[in-house]
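Peer 1: Please model the complete structure; the sequences and the hints are all you need to start from.
As given, the protein sequences belong to chains A and B, one line each in that order.
Just so you know, the first sequence maps onto residues 1 to 345 in the UniProt record's numbering.
Just so you know, the second sequence maps onto residues 1 to 345 in the UniProt record's numbering.
Heads up, some of the hints might be wrong.
Said to hold, decoys possible - Simulated crosslink set (DSSO-like; lysine-lysine; CA at most 27 Å straight-line): (1) 33/A / 324/B; (2) 33/A / 33/B; (3) 324/B / 300/A; (4) 33/A / 338/B; (5) 33/B / 20/A.
Note that these hints are calculated values from the structure, not bench results.
The primary structure of each chain is shown beneath.
Number of protein chains: 2
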Amino acid sequence: MEGNGIISFGSGQPDLPPPKEIFRNLENPRLFKYGLIQGDKRLREALAEEYPGAEAKNFVITNGASEALDLVMRALAQEPGSHNILLCQPYYYSYPLIAEFAGLSSIYTQLKEGLIDLDDFQKKIGKVKAVLINSPSNPTGRVEAMETLKAIEALTKKLGVWVISDEVYKDLIYGRENYLIKGRHVITINSFSKTYAMCGLRVGYLYSPDREFIQKVVDMKVHTSMNTNSMGQAMALSAMRAPRSYVKKQVAIWERRRDLIYGGLIKLGFDLWKPEGAFYVFPKIKNVERALGELYYKYKVIVYDGAWFGAPGRIRLSYALDEKKIEEGLRRIKKFLKGKEKWLI
Amino acid sequence: MEGNGIISFGSGQPDLPPPKEIFRNLENPRLFKYGLIQGDKRLREALAEEYPGAEAKNFVITNGASEALDLVMRALAQEPGSHNILLCQPYYYSYPLIAEFAGLSSIYTQLKEGLIDLDDFQKKIGKVKAVLINSPSNPTGRVEAMETLKAIEALTKKLGVWVISDEVYKDLIYGRENYLIKGRHVITINSFSKTYAMCGLRVGYLYSPDREFIQKVVDMKVHTSMNTNSMGQAMALSAMRAPRSYVKKQVAIWERRRDLIYGGLIKLGFDLWKPEGAFYVFPKIKNVERALGELYYKYKVIVYDGAWFGAPGRIRLSYALDEKKIEEGLRRIKKFLKGKEKWLI
Numbered sequence: 001m002e003g004n005g006i007i008s009f010g011s012g013q014p015d016l017p018p019p020k021e022i023f024r025n026l027e028n029p030r031l032f033k034y035g036l037i038q039g040d041k042r043l044r045e046a047l048a049e050e051y052p053g054a055e056a057k058n059f060v061i062t063n064g065a066s067e068a069l070d071l072v073m074r075a076l077a078q079e080p081g082s083h084n085i086l087l088c089q090p091y092y093y094s095y096p097l098i099a100e101f102a103g104l105s106s107i108y109t110q111l112k113e114g115l116i117d118l119d120d121f122q123k124k125i126g127k128v129k130a131v132l133i134n135s136p137s138n139p140t141g142r143v144e145a146m147e148t149l150k151a152i153e154a155l156t157k158k159l160g161v162w163v164i165s166d167e168v169y170k171d172l173i174y175g176r177e178n179y180l181i182k183g184r185h186v187i188t189i190n191s192f193s194k195t196y197a198m199c200g201l202r203v204g205y206l207y208s209p210d211r212e213f214i215q216k217v218v219d220m221k222v223h224t225s226m227n228t229n230s231m232g233q234a235m236a237l238s239a240m241r242a243p244r245s246y247v248k249k250q251v252a253i254w255e256r257r258r259d260l261i262y263g264g265l266i267k268l269g270f271d272l273w274k275p276e277g278a279f280y281v282f283p284k285i286k287n288v289e290r291a292l293g294e295l296y297y298k299y300k301v302i303v304y305d306g307a308w309f310g311a312p313g314r315i316r317l318s319y320a321l322d323e324k325k326i327e328e329g330l331r332r333i334k335k336f337l338k339g340k341e342k343w344l345i
Numbered sequence: 001m002e003g004n005g006i007i008s009f010g011s012g013q014p015d016l017p018p019p020k021e022i023f024r025n026l027e028n029p030r031l032f033k034y035g036l037i038q039g040d041k042r043l044r045e046a047l048a049e050e051y052p053g054a055e056a057k058n059f060v061i062t063n064g065a066s067e068a069l070d071l072v073m074r075a076l077a078q079e080p081g082s083h084n085i086l087l088c089q090p091y092y093y094s095y096p097l098i099a100e101f102a103g104l105s106s107i108y109t110q111l112k113e114g115l116i117d118l119d120d121f122q123k124k125i126g127k128v129k130a131v132l133i134n135s136p137s138n139p140t141g142r143v144e145a146m147e148t149l150k151a152i153e154a155l156t157k158k159l160g161v162w163v164i165s166d167e168v169y170k171d172l173i174y175g176r177e178n179y180l181i182k183g184r185h186v187i188t189i190n191s192f193s194k195t196y197a198m199c200g201l202r203v204g205y206l207y208s209p210d211r212e213f214i215q216k217v218v219d220m221k222v223h224t225s226m227n228t229n230s231m232g233q234a235m236a237l238s239a240m241r242a243p244r245s246y247v248k249k250q251v252a253i254w255e256r257r258r259d260l261i262y263g264g265l266i267k268l269g270f271d272l273w274k275p276e277g278a279f280y281v282f283p284k285i286k287n288v289e290r291a292l293g294e295l296y297y298k299y300k301v302i303v304y305d306g307a308w309f310g311a312p313g314r315i316r317l318s319y320a321l322d323e324k325k326i327e328e329g330l331r332r333i334k335k336f337l338k339g340k341e342k343w344l345i
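Peer 2: This is the structure:
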């Protein structure tokens, strides 16, 4: 995608290399045998250290966060009660479809300035079996306030509503530490893809304090995909054992890029939120389809249509590319905007 | 499982090493990026050469044959018509559950001497949307006659019934070449796990001449798991490019083991079919649960209960272990049988 002078703000994946430690010990013959369906025990033990009170048995390693979400929704669909799931809009584009494939009906709470509106959330939460939240958010780049997360934690606990918390960007927050929503009713979804720049290997996981729920997921995965690919799991474990400085360095790079693209787009007159996590900006623009077409064919710039994320009238730009490319992309967008100032109002 | 002197005839996975060529070029940075959902194009091109008239676009690379089956059944469940699927009994234990998860109802045709009974098959095929066949079969080790496969091919075509043909053991047939069931209504499931001894990497695929069906599967996989793990795909491609002598040598080893265990069990008085493919024997025995318990606790021998495969009164033994272990296992089974001769009648 980056050949032929194209600047792609499209795909949401780190361009940085993974920790160099992950190439160790890949010829281990054990890796070619079926492994535990739940995932390599040492990897789950390493994860347990990151989650207070957790044990290895509370995790399932999956083929990326996608499979974790798919298995969780399919398992929840078998639980008694409502078949509704509450999604926040804008949303990551797979959410409504994974829910639909699992036989769940999506209802939506509209985000306010990219953040959960607790009033609307409260109105709708009584009707659902589960809610899916995503902070830091793809596509908004926003991070929910701790008070909001704690309010959701308490409210859903009181009502007996499951929370699926997709925290795949938890290590990419610029302001503060991630707040882990807790409780027996909470299922945390996570991934090694973003933190360790290993998207293609497809290693993610789910965490739940509810051992029975974990067992239901494992009982399904035995048949639907068996163990998660062994090589990816071995690499994920090596990545976790790599010096923490790897993650810190990455976050510093992401923050510089965030400042660059946010400042650049503000200067061009865009209306957008300042990203607090993940690596996306989500500015408003009119005539999105024309904009996408012209940016691509005339300026060789790829951006995504906000409508794909349930937000018509916006575009998503991933800033997972180096600063020179971001600057060049901004220059091209500036040219594109000439005479189209009204598209930004 | 093989520690502490245990002889395991349980798990169905090759004990032989994968082709040594698969360790090449694993540090390629491209492998860490998201790949095509449908699968690496070069891998699909290599597969297309194995299927007459096929092109790369007719394949989807999946997280093992399991995910291929899961996606295919979920996609078929969305097709119009009956929600029934015809399974052959005995069956691979995941089939009924994958069907159930997808919302399909299983009906069964009883195998006769481990082979499809065309009379019963014909009676039931009119009621179903799809049929799943598996030759060479796990757990029976039998291979369907070409005439049977051709009759099924024609009958299902005439009736407009989908055929899912699970051919994961296609390279492990002792007598003849595999016969590939053909037609726009046929979906072939396959895997690199058995042929190249890479079970843990979880790389399988599905093949269909029906490009629209392939697209439906890809449209689902975008959300449910994204690309299949890149490292496994790279290794699968290297394995396909390894000299063909690798596969031939393996088959010769399997055939020697087959003769050893088949001859040994016949000598002990068991009633069983001579395996023509895969690496399982499926003898009859009475009091299966007691037999499993005593074999395990007293003789440290693991075998699987035929009931798991829909065949009470049989046990499944995988002969995916070296000849010395097979011989030792047979000696222990002989000791176990002392005074239990009636269990074999």
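Peer 1: Against each hint, give a clear statement of whether it holds in the structure.
Peer 2: Here's how the hints hold up against the structure:
1. For the hint pairing residue 33/A with residue 324/B, the CA-to-CA distance comes to about 20 Å; that is within 27 Å, so the pair holds.
2. Note on residue 33/A and residue 33/B: the hinted pairing holds, with a Cα-Cα distance of about 25 Å set against a maximum of 27 Å.
3. A hinted pair counts as satisfied when its Cα atoms are at most 27 Å apart, and residue 324/B with residue 300/A does not qualify at roughly 64 Å.
4. In summary, the hint linking residue 33/A to residue 338/B is not supported, as the alpha carbons are separated by about 35 Å, beyond the 27 Å threshold.
5. Between residue 33/B and residue 20/A the alpha-carbon distance is near 15 Å, which keeps this suggested pair within the 27 Å criterion.
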